[in-house]
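Novice: If you read the sequences in order, they're chains A and B.
As numbered in my numbering, residues 1 to 353 make up the first sequence, in order.
As numbered in my numbering, residues 1 to 392 make up the second sequence, in order.
Hints in this document: simulated from the structure, not taken from any laboratory.
In this text, a Cβ means the ideal position worked out from N, Cα and C, and glycines have one as well.
Keep in mind that a hint or two might mislead.
To be verified - Residues from chain B that face chain A, not an exhaustive set, calculated with beta carbons under 7 Å: (1) Gly130; (2) Ala136; (3) Leu137; (4) Asp148; (5) Tyr149; (6) Glu159; (7) Arg163; (8) Asn167; (9) Ala215; (10) Leu218; (11) Phe347; (12) Val355; (13) Val359; (14) Leu365.
Said to hold, decoys possible - Pair ranges (Cβ atoms, derived): (15) A/Val129 <-> B/Ile25: 19 to 29 Å; (16) B/Asn98 <-> A/Ile30: 51 to 61 Å; (17) A/Ser100 <-> B/Ala27: 51 to 61 Å; (18) A/Asp274 <-> B/Ala107: 42 to 52 Å; (19) B/Ser230 <-> A/Leu335: 33 to 43 Å; (20) B/Arg234 <-> A/Ile30: 50 to 60 Å; (21) A/Arg230 <-> B/Met249: 57 to 67 Å; (22) B/Met249 <-> A/Asp274: 49 to 59 Å.
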Amino acid sequence: MESASIPARPPRARGEVVREFVSKYGLIAILLILPVAYGIQDLQDDGDLSRLATNIKDGLSNGAIWALIAVGYTLVYGIIELINFAHGDLFMLGSFVAFSMIGTVGLTVSSSFVPLVFGLLLILVVCMVACGTLNTMIERVAYRPLRDAPKLAPLITAVGFSFILQNVGLLWLGGGHRGVPDLIESQDVLFTILGVPITHGDILAVVVTVPLFFFMINFINFSRIGRAMRATAQDPQAARLMGINVDTTISFTFLLGGLMAGAAGLIYALYQTDVWFFSGFTAGLIAFTAAVMGGIGNLKGAILGGLIIGIIQQISDNRIGTEWTPAIVFAYLVLILVFRPQGLIGEQTREAG
Amino acid sequence: MSTLTTRARTFKPPSRIGKVSTSTIIAAAAIFVAAVLPFFYDSGSGFMNDATVALVYVVMALGLNIVVGFAGLLDLGYVAFFAIGAYTMGWLGSGFFNSADIHIGVAEQLQSQPGIHINWLIVMPIAAVGAAALGALLGFPTLRLRGDYIAIVTLAFGEIIGRIAVNSDEGVFGIGDFNLTNGRSGITPVDKIDIPLVDRFTTLNLRPWYWTALALALVVLFINFRLRDSRIGRAWIAIREDEVAAISMGIPTVRVKLLAYAMGAAMGGAAGTFLGSFYNVVNADQFEFSFSIFVLAMIILGGLGSIWGVVVGAIALSFINTRLIPDVLNDVPSRIGLDFDLTQLGFGIFGFLLVIMMVLRPQGLIPEKRHQAELTGGGLDGGEETVVEARA
Numbered sequence: 001m002e003s004a005s006i007p008a009r010p011p012r013a014r015g016e017v018v019r020e021f022v023s024k025y026g027l028i029a030i031l032l033i034l035p036v037a038y039g040i041q042d043l044q045d046d047g048d049l050s051r052l053a054t055n056i057k058d059g060l061s062n063g064a065i066w067a068l069i070a071v072g073y074t075l076v077y078g079i080i081e082l083i084n085f086a087h088g089d090l091f092m093l094g095s096f097v098a099f100s101m102i103g104t105v106g107l108t109v110s111s112s113f114v115p116l117v118f119g120l121l122l123i124l125v126v127c128m129v130a131c132g133t134l135n136t137m138i139e140r141v142a143y144r145p146l147r148d149a150p151k152l153a154p155l156i157t158a159v160g161f162s163f164i165l166q167n168v169g170l171l172w173l174g175g176g177h178r179g180v181p182d183l184i185e186s187q188d189v190l191f192t193i194l195g196v197p198i199t200h201g202d203i204l205a206v207v208v209t210v211p212l213f214f215f216m217i218n219f220i221n222f223s224r225i226g227r228a229m230r231a232t233a234q235d236p237q238a239a240r241l242m243g244i245n246v247d248t249t250i251s252f253t254f255l256l257g258g259l260m261a262g263a264a265g266l267i268y269a270l271y272q273t274d275v276w277f278f279s280g281f282t283a284g285l286i287a288f289t290a291a292v293m294g295g296i297g298n299l300k301g302a303i304l305g306g307l308i309i310g311i312i313q314q315i316s317d318n319r320i321g322t323e324w325t326p327a328i329v330f331a332y333l334v335l336i337l338v339f340r341p342q343g344l345i346g347e348q349t350r351e352a353g
Numbered sequence: 001m002s003t004l005t006t007r008a009r010t011f012k013p014p015s016r017i018g019k020v021s022t023s024t025i026i027a028a029a030a031i032f033v034a035a036v037l038p039f040f041y042d043s044g045s046g047f048m049n050d051a052t053v054a055l056v057y058v059v060m061a062l063g064l065n066i067v068v069g070f071a072g073l074l075d076l077g078y079v080a081f082f083a084i085g086a087y088t089m090g091w092l093g094s095g096f097f098n099s100a101d102i103h104i105g106v107a108e109q110l111q112s113q114p115g116i117h118i119n120w121l122i123v124m125p126i127a128a129v130g131a132a133a134l135g136a137l138l139g140f141p142t143l144r145l146r147g148d149y150i151a152i153v154t155l156a157f158g159e160i161i162g163r164i165a166v167n168s169d170e171g172v173f174g175i176g177d178f179n180l181t182n183g184r185s186g187i188t189p190v191d192k193i194d195i196p197l198v199d200r201f202t203t204l205n206l207r208p209w210y211w212t213a214l215a216l217a218l219v220v221l222f223i224n225f226r227l228r229d230s231r232i233g234r235a236w237i238a239i240r241e242d243e244v245a246a247i248s249m250g251i252p253t254v255r256v257k258l259l260a261y262a263m264g265a266a267m268g269g270a271a272g273t274f275l276g277s278f279y280n281v282v283n284a285d286q287f288e289f290s291f292s293i294f295v296l297a298m299i300i301l302g303g304l305g306s307i308w309g310v311v312v313g314a315i316a317l318s319f320i321n322t323r324l325i326p327d328v329l330n331d332v333p334s335r336i337g338l339d340f341d342l343t344q345l346g347f348g349i350f351g352f353l354l355v356i357m358m359v360l361r362p363q364g365l366i367p368e369k370r371h372q373a374e375l376t377g378g379g380l381d382g383g384e385e386t387v388v389e390a391r392a
């Protein structure tokens, strides 16, 4: 007899409605502040949006690099709920490998097209394998022994490893910035669409990252080991009972993350034509922000977040000043965590809930 | 009935005198040695300098220990509070704002100089309260979050403060052109600490500095002990051990966590004012992320949550940083045929220390008693692993 009556909705407090609204649209509104404000300013000053569009285009290219790094964060977080602080520095070492390999392979600015492409492909593979192996080794040494320890412990070893890797970089190429030969003439304009110049660097970013993302998403969704990864992420105990080798799966996750970081290292070296031992710290934080923005643990979210952070960063670089960019990105990070800790397309996680 | 009365009559409170525990004796001896130490060294020597800095690091480490060790909230942006303390000293105790003309409680020769000159004894509480307010403000967004996210938000906060310090020589966030921090050149000279009835604080005579730092450290140490055993301290530890259980026991987690942030920040701010005056300069390069890790390494080395452990860890790491690496170990690489400067690698070594400690001895050099009790009482198998109970 109870079932016949329509269950009365509990009256909702006004605060709750506001909170729900803010949680749903707050982040999107915050994200739109910078582009919209500068869009209006551009319309007033120039009469068109080409400057903003160029910012966005540059931002997407940069964002592709952040997205590659963010994938590493999100995969590892998804599977063992650890923020791998050392990941940014792993990327930095990737860019160092790229720097040295360019010298070893003997590519110069005057190399012709075909050797250049094959040389770069070789370097890409070396960077990816080097970073992937290193990441797996770090997991073995620093995280696996602490698998059952309280969560603070692996986090601290991750911070420790971040410093160790930074110092490896410092010993390797010294404390100063090192210029990378501008092999692809990354700032040369290839063609222009709607007043937006497309450069060689943009093409490189797209050509390398899009297949990698495509491969990653399909790999995680359809391959056998990808399924094992998702199962382990959901419930390691149950996965083990189903015959999944959890340790191998976790190692493999670190390998995948490392591969992406290596690829990001090469693109960064070619695109920015500059490597520095400290670049990993900021890159790591930016990429982590990207991963959180998309919803940590969510692969597509990390890619989306990376692209958005790239745009914010580029607008801030171009309009406010490069020196303020990290502060602005971190301010965004804090705002995201306040308004929508689960990210743009993430689910409620235990951590963020 | 009769037995009860006899018992009641024969009951005597346990006598306190003559039954002092060994640890109390060791602590008293250590404090005595620390107090008379300056008489054995030249008053302007490098050792006095290092010892003074080590004592200030003790204050900072004890502050961070409240947040990380007691309440179990991993704070990677502790350097921000050091920065706030140091800048408060720089702003309120130097000729930096030379259009202002404010003098409170300072010596004769400063009275005539332009700028804001306020006695350190007044600046320090101001900085402590300011840092505490900012600490609570920082804690606010993290309250909804648990775990690793707190680490990241505090890290981001520390970086934002660091960026503001570096770049605010012409406007903040590119707005205006007010010189707030003077960037990497920094604010200098900063007024010397001036305490009535005590010798003048000069760069040549470091003894007053040392004793002031020691007094500060002892006060903070005392506060730490009282806090740990207080209602709030027990609430912090309860939150660290199991937040859900703590909530269901009626602990107001929001207020208690904010208090942890505020207390830790206040100590960082107080220490910052001292170092600002001691170094005679407040510049942006002092406030890098690596410093947060340096302080974190101290409390990990000593033992999370263990007050004496943290003191030992802070003194040990401070001397490793100022003495062992630059003086003793520096020519090791060249002796074995490698060509690099070991001082560059200071933070790599601390990173290595963090990893080694976490993997091999997560409870630290002097583990917290509560953890020891847990270890001997219950978890016999793999109990080692559960020692660091701070739930990040």
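Novice: Against this structure, judge whether each hint is valid.
Specialist: Hint check:
1. Gly130: violated (20 Å)
2. Ala136: Because about 15 Å separates B/Ala136 from the closest Cβ in chain A, which is outside the 7 Å limit, the hint is violated.
3. Leu137: Nearest chain A Cβ about 11 Å off; hint violated.
4. Asp148: Status holds, d = 5 Å.
5. Tyr149: holds (6 Å)
6. Glu159: holds (5 Å)
7. Arg163: This hint holds: B/Arg163 lies near chain A, its Cβ roughly 4 Å from the closest one there, short of 7 Å.
8. Asn167: holds (5 Å)
9. Ala215: violated (32 Å)
10. Leu218: With a closest approach of 29 Å, the B/Leu218 hint is violated.
11. Phe347: Holds - the Cβ of B/Phe347 comes within 7 Å of chain A, reaching about 5 Å at its closest.
12. Val355: Where the cut-off is 7 Å and the nearest Cβ of chain A is about 4 Å from B/Val355, the hint holds.
13. Val359: With a minimum Cβ separation of about 5 Å from chain A (threshold 7 Å), the hint on B/Val359 holds.
14. Leu365: violated (15 Å)
15. A/Val129 <-> B/Ile25: 19 to 29 Å: The hinted range 19 to 29 Å is violated for A/Val129 and B/Ile25, with Cβ atoms some 59 Å apart.
16. B/Asn98 <-> A/Ile30: 51 to 61 Å: Given range 51 to 61 Å: violated, Cβ gap about 39 Å.
17. A/Ser100 <-> B/Ala27: 51 to 61 Å: For A/Ser100 and B/Ala27 the Cβ distance comes to about 54 Å; the hint holds.
18. A/Asp274 <-> B/Ala107: 42 to 52 Å: holds (51 Å)
19. B/Ser230 <-> A/Leu335: 33 to 43 Å: holds (35 Å)
20. B/Arg234 <-> A/Ile30: 50 to 60 Å: The hint (50 to 60 Å, Cβ to Cβ) is violated, given that B/Arg234 and A/Ile30 are roughly 39 Å apart.
21. A/Arg230 <-> B/Met249: 57 to 67 Å: Taking Cβ atoms as reference, A/Arg230 and B/Met249 lie about 37 Å apart, which means the hint is violated.
22. B/Met249 <-> A/Asp274: 49 to 59 Å: Since the Cβ atoms of B/Met249 and A/Asp274 sit about 55 Å apart, the hinted range of 49 to 59 Å holds.
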